[in-house]
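**Student:** Sequence:
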Amino acid sequence: MQNTVSSPNSTSSQDGHAVADFRERLSPSLWTLASAAIVAPMVTLVFVRIEPAVSLGLGAIAAIVVIALLIAGSPVVEVRDGVLRAGKARIEVEHLGDPVALAGEEAKAARGVDLDPRGWYLVRGGIDGVVLVPNTDPDDPVTSWTISIRTPDRLAAAVLRAQAMPRSRGR
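In UniProt numbering, the protein residues as written are 1 to 171.
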């Protein structure tokens, strides 16, 4: 599946509407999608005694529906208008500390043994990179955000850029 990542310098479109500084859909890996396609022969085998031709069609439809649901249900990580959005959660970047981009063994430890029990997580299997962002809001019980991401360096840079941008009035 493809990642949707905007250009690092994008801040507003020609019509004046803000666009994402960073956007990536955490779509399932190809291995997960191929595994989901196993639904097709299973459904076909269930209905083959009724009508073989119909069972093939039902199997194909079932596999397409399962794969479409996996893709549609994938969370999006985005930095836009001074807000970090990860799935359904959001936090203004002014409440965040300096992000740390991790990969390899460091990312594995951050998702496992070093996971902050008071933190917020968006962790996905099959995605190696992780960004750790401390939460500096004293009123928030969540101490950090741990986000799985395929391009951790780009997300960390987008958070830092958003923190450096002056906030627009009326927000």
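Keep in mind that the hints were calculated from the coordinates and are not lab data.
Some hints could be false.
Claimed, not checked - Per label pair, the in silico range of CB-to-CB distance:
(1) Ile71 to Leu115: 20 to 30 Å
(2) Leu160 to Pro117: 51 to 61 Å
(3) Asp98 to Arg118: 16 to 26 Å
(4) Pro134 to Ile64: 38 to 48 Å
Glycine included, each C-beta is placed from N, C-alpha and C at the ideal position.
**Student:** Looking back at the hints listed earlier, which ones does the structure fail to meet?
**Tutor:** Number 2 only.
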